[in-house]
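> Residues per chain, in single letters:
2 protein chains.
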Amino acid sequence: MATKQKTPPAQDHLPGTVTAGLIVIGNEILSGRTHDKNIAYIAEKLEEHGIQLAQVRIVGDNEHDIIEAVNALRGRYRYVFTTGGIGPTHDDITAPSIAKAFNRVMERNTEALKRLRAYYKVEDFNDARQRMADMPRDVHLIDNPVSAAPGFYLENVYVLAGVPAIMQAMLDSILPSLKAGASIKTKTIQTELKEGQMAATLAKIQSQHAAKVTIGSYPFFKEGQVGVSLVLRSTDEFALQKAYQDVKAMLDDIAAHSTSKAL
Amino acid sequence: MATKQKTPPAQDHLPGTVTAGLIVIGNEILSGRTHDKNIAYIAEKLEEHGIQLAQVRIVGDNEHDIIEAVNALRGRYRYVFTTGGIGPTHDDITAPSIAKAFNRVMERNTEALKRLRAYYKVEDFNDARQRMADMPRDVHLIDNPVSAAPGFYLENVYVLAGVPAIMQAMLDSILPSLKAGASIKTKTIQTELKEGQMAATLAKIQSQHAAKVTIGSYPFFKEGQVGVSLVLRSTDEFALQKAYQDVKAMLDDIAAHSTSKAL
Chain V
116 MATKQKTPPA QDHLPGTVTA GLIVIGNEIL SGRTHDKNIA YIAEKLEEHG IQLAQVRIVG
176 DNEHDIIEAV NALRGRYRYV FTTGGIGPTH DDITAPSIAK AFNRVMERNT EALKRLRAYY
236 KVEDFNDARQ RMADMPRDVH LIDNPVSAAP GFYLENVYVL AGVPAIMQAM LDSILPSLKA
296 GASIKTKTIQ TELKEGQMAA TLAKIQSQHA AKVTIGSYPF FKEGQVGVSL VLRSTDEFAL
356 QKAYQDVKAM LDDIAAHSTS KAL
Chain A
116 MATKQKTPPA QDHLPGTVTA GLIVIGNEIL SGRTHDKNIA YIAEKLEEHG IQLAQVRIVG
176 DNEHDIIEAV NALRGRYRYV FTTGGIGPTH DDITAPSIAK AFNRVMERNT EALKRLRAYY
236 KVEDFNDARQ RMADMPRDVH LIDNPVSAAP GFYLENVYVL AGVPAIMQAM LDSILPSLKA
296 GASIKTKTIQ TELKEGQMAA TLAKIQSQHA AKVTIGSYPF FKEGQVGVSL VLRSTDEFAL
356 QKAYQDVKAM LDDIAAHSTS KAL
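Here the protein sequences come in this chain order: V and A.
When the first sequence is numbered by the numbering used here, its final residue is 378 and no position is left out of the sequence of numbers.
When the second sequence is numbered by the numbering used here, its final residue is 378 and no position is left out of the sequence of numbers.
Keep in mind that the hints were calculated from the coordinates and are not lab data.
Any given hint could be a false lead.
Identical chains share a label here; the pair holds if one copy fits it or two copies do between them.
In silico SDA-like links for lysine to any residue, alpha-carbon gap of 25 angstroms or less [said to hold, decoys possible]: (1) K363 / N186; (2) K152 / T303; (3) K236 / H372; (4) K152 / E307; (5) K337 / P260; (6) K294 / E270; (7) K337 / D287; (8) K302 / A371; (9) K152 / T301; (10) K236 / A315; (11) K319 / E178; (12) K319 / I304; (13) K215 / P291; (14) K215 / A325; (15) K327 / T316; (16) K327 / T149; (17) K302 / A216; (18) K319 / I257; (19) K363 / T301; (20) K363 / T225; (21) K160 / A371; (22) K236 / Y156; (23) K152 / R230; (24) K160 / S344; (25) K152 / Q283; (26) K229 / R148; (27) K160 / A187; (28) K160 / H150.
So that you can see chain V by itself, here it is in the shape it has in the complex:
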């Protein structure tokens, strides 16, 4: 028997917010060798600023994949950030890949070269280090207070370092210049009830509040504790509070009528 597909309303982003995509560049994440720390940091920082991360792609040090990701996301989201691949070694191919994505020539950026020259001793400023000043034509630099070599942005694409401390400094320095969306408020309720006990009522509540609130349901199993986190998000404090009361009432009602322990 074929059943109808139940498709909830597309909730790409909350009303009033601004969207962003993120491209994490580097073989080390894909091999499992390095556990990425940048995604969650960037997601949280952006959200504080009213910018919702709508998609992340992790690609290797591979020109084709970088170009494809940049061109797919820069047309779709207000901002695109990339991390990684802007150092001096052979596997740092982000800048030329971005140039190709925008169909721009690469050139040695005069201001970037000046900053690098000021940072390195003359005898240390070799070809590889000078190449960190090679960027697509007509970009804006992003300060690197840690190790001088700047990031850059062109149009809506922001090219950041991959080393967390440098990436964070770069993100901090550009955030004030980005368009801030409406700030997102969150309410989280943890319950020992099971998803299956509340799914029907929760779907009704989500549907009643669909215009202004998203409700996510996240089961957790840890340290002997089993339960569900319900996370409500909205840019509208009043709508959030109303949805929260409905969820709270639902949980109280189910708890009063059930003793089930099934997941």
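Given the structure of chain V, go ahead and fit chain A onto it with the hints provided.
Below, chain A without anything else, positioned relative to chain V:
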């Protein structure tokens, strides 16, 4: 002055290995609320099996993005895995999205229904829980030893749970049935030298060994320690050893001739 773009050889994957894509589905990762633990786990497990993770996409609970990611990656890689979105709540939309990606109808899977019925008490087996048996037509089930609700696969796309314990059990159960590639050997060398000191020589070594070995260079800054990890990977033990000796000789040579402390 426009400089030439230096593009290293595309090293999408090592010879003899099999490639995979991963799609992580769920708003909770994109909001920064949940730090993903599945990507590194899957990357490592696949690599042990000679399967290289070539791309990851993290998308929200958004039908359009799920369909696009599935269709982009399933044509490109030997295997595609998805995690998340197969529970009973309104935000679990992975199964119908996969059905649309494959242009298949959804149907209640008889075997999945049987397993769920055996797991739940009659009075607890409500509509929401029954819907966890709704899957695209003609899929193969993936066992869920934790909470019964199975994952499934069709063609080369494997649909797994998002909860780490369940995802891991599912992955373990399917791995033996996947085509194993040549196993990848790794050698890592940590050095206190700077990337910029060795970039030129390292690029030469990479280029000499390009057919069989990839060399990644990863700077780290932690707990007062600053340095670079050089990671060599190959399916060929002999080629790996030769490249390793070249890198080692390079490091010894640079260390002997330099006292620079610049990054």
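> Which numbered conditions among the earlier hints are violated in the structure presented, ordered from lowest to highest?
Numbers 1, 13, 17, 18, 20, 21, 22, 23 and 26, in rising order.
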